[in-house]
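Peer 1: This is what each chain is made of:
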Amino acid sequence: MPSLKDVKMKIVGVGKTKQITKAMNMVASAKLRGAQSRIEAFRPYAAKYHDVLAELSTKVEGNAHPLLNEHEEKKTCAILVITSDRGLCGGFNGNIIAKALKLAKEKQAQGMTVKFSCVGRKGRDAVRQAGYEILTAFADRMGSIDFSLASTVAQELIHGYETLDFDEVHCIYGEFVSMAQQPPKSLCLLPLKTPKAVENDAPAENGPHCEYIYEPKEEQLLAELLPRYVKVQVYRGLLDTSASEHAARMAAMDNATRNCNELINSLTLLYNKTRQASITSELIDIVGGAEALNG
Amino acid sequence: MSTLELEVVTPDKTVVRETVEMAVCPGVAGEFGVLPNHVSILSALKIGDLRYRVNGKDEHVFISGGFADMNNNVLSVLAESAEKAADIDTARAQAAKERAEKRLAEHSDTVDTTRAHAALARAIVRLQLAGH
Chain G
1 MPSLKDVKMK IVGVGKTKQI TKAMNMVASA KLRGAQSRIE AFRPYAAKYH
51 DVLAELSTKV EGNAHPLLNE HEEKKTCAIL VITSDRGLCG GFNGNIIAKA
101 LKLAKEKQAQ GMTVKFSCVG RKGRDAVRQA GYEILTAFAD RMGSIDFSLA
151 STVAQELIHG YETLDFDEVH CIYGEFVSMA QQPPKSLCLL PLKTPKAVEN
201 DAPAENGPHC EYIYEPKEEQ LLAELLPRYV KVQVYRGLLD TSASEHAARM
251 AAMDNATRNC NELINSLTLL YNKTRQASIT SELIDIVGGA EALNG
Chain U
1001 MSTLELEVVT PDKTVVRETV EMAVCPGVAG EFGVLPNHVS ILSALKIGDL
1051 RYRVNGKDEH VFISGGFADM NNNVLSVLAE SAEKAADIDT ARAQAAKERA
1101 EKRLAEHSDT VDTTRAHAAL ARAIVRLQLA GH
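First to last, the protein sequences are chains G and U.
The first sequence begins at 1 in our numbering and counts up one residue at a time.
The second sequence begins at 1001 in our numbering and counts up one residue at a time.
To be clear, the hints were calculated from the coordinates, so they are not data collected in a lab.
Virtual Cβ for every residue (Gly too), placed ideally from N, Cα, C.
Among the hints, a few may not be true.
Claimed, not checked - If you anchor each label on the Cβ, the simulated ranges turn out as follows:
1. G:143 x U:1029: 39 to 49 Å
2. G:15 x U:1115: 51 to 61 Å
3. G:58 x U:1029: 17 to 27 Å
Stated by the list, open to error - Mimicking PhoX-like on lysine-lysine, the simulated pairs with C-alpha atoms at most 25 Å apart in a straight line are:
4. G:105 x G:185
5. G:48 x U:1013
6. U:1084 x G:48
7. G:75 x G:193
8. G:48 x U:1046
9. U:1046 x G:59
10. U:1102 x G:217
11. G:16 x G:273
12. G:31 x U:1013
13. G:107 x G:74
14. U:1102 x U:1046
15. U:1084 x U:1057
16. G:193 x G:10
17. G:273 x G:18
18. G:8 x G:18
19. G:193 x G:217
20. U:1057 x U:1013
21. G:102 x G:75
Here chain G stands alone, though its shape is the one from the complex (with noise of 0.2 Å):
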């Protein structure tokens, strides 16, 4: 049997790891207001966006842009992964990675040289482990993310993907689908789809429908509005890993937070019989002591 002070040492040590998942869950949870509301602000952009290309889609010849070409020859396949930075979020960053991984085994096997580009610490290193070359990695921003990285990250695919250096660009996120799920997402950034108008929901209620005015040209335009789809396309991708990370952190704390009071639990048990056995051993000896005195 342990020793009363080892129990009562130990009981401490998981009351203080205890403390520390309680607060990174409360950290968590604020965190995940913040990121929450911050899809929630982006929304409005990103709908209208997806309003006004689908719209102008219409309009246009489908070969009209060099984003909406596939390639012929597919050589290079470019990969976006977005995870977190920091760990301590259940499988949410495995998940994504081991997504990626799937995904670039898949197009080695089609005969493609695949290539990374990171957001995140932990899916950079863990595509580095992995042997993949890294075009660029962003760590350490995921804290910090705005419109202006995902247009950095974007514009970087875009050119590659202009200039012929890559045949097919995707993207690997944590989507946010409630606070109990966040399952890894992989996305065809390039070539691009453009959105389709939901057809059955238009026609009637937006009453006579008339041409649109088109200032500059409709192709001109439609150059101008691609590449940034792409941006909203990443932004959103950037915004729903971040939120997803709190949620899963907020989950997996929780669990961590409930498994320290079940071993403070059961070590209590252990430190109470402990306890007993050691008053009952030093009765046994007290009370066999007088009973040779007295025989």
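With chain G's structure known, arrange chain U on it following the hints.
Peer 2: Structure of chain U alone, referenced to chain G:
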């Protein structure tokens, strides 16, 4: 008096959502005014000043380029950044202007002149608007 709805949205927030009497947008092909019930139009915008009138009073918003979409009497302006004239950070704009001017003065190959020019233009318009 007829009115139209104006929304100015950026990735970070909705800057303006108001019922206005008219708006003037800095289009790439020149400024254009939008009155209520304007025909549907989609135009690219350059860096500049978006003016709109509420209750006979003119308001100014800085736009760092983007798009204006007028449809069903709703004018939506999508910009990467936008600020109401009152919210412009003059000190930051001044610093950005000096930085851009310095970059342009260097004439070295490492300087991305298009970006520096854009930064300079943004700073100048911001300063002009803040001075109103």
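Peer 1: Work down the list of hints and note, for each, if the structure agrees.
Peer 2: Hint check results:
no. : hint                       : verdict
1   : G:143 x U:1029: 39 to 49 Å : holds (41 Å)
2   : G:15 x U:1115: 51 to 61 Å  : holds (54 Å)
3   : G:58 x U:1029: 17 to 27 Å  : holds (23 Å)
4   : G:105 x G:185              : holds (17 Å)
5   : G:48 x U:1013              : holds (13 Å)
6   : U:1084 x G:48              : holds (20 Å)
7   : G:75 x G:193               : holds (20 Å)
8   : G:48 x U:1046              : holds (19 Å)
9   : U:1046 x G:59              : holds (23 Å)
10  : U:1102 x G:217             : violated (36 Å)
11  : G:16 x G:273               : holds (23 Å)
12  : G:31 x U:1013              : holds (18 Å)
13  : G:107 x G:74               : holds (10 Å)
14  : U:1102 x U:1046            : holds (23 Å)
15  : U:1084 x U:1057            : holds (14 Å)
16  : G:193 x G:10               : violated (58 Å)
17  : G:273 x G:18               : holds (23 Å)
18  : G:8 x G:18                 : holds (15 Å)
19  : G:193 x G:217              : holds (21 Å)
20  : U:1057 x U:1013            : holds (24 Å)
21  : G:102 x G:75               : holds (18 Å)
In the structure shown, a violation is registered for the earlier hints numbered 10, 16, in ascending order.
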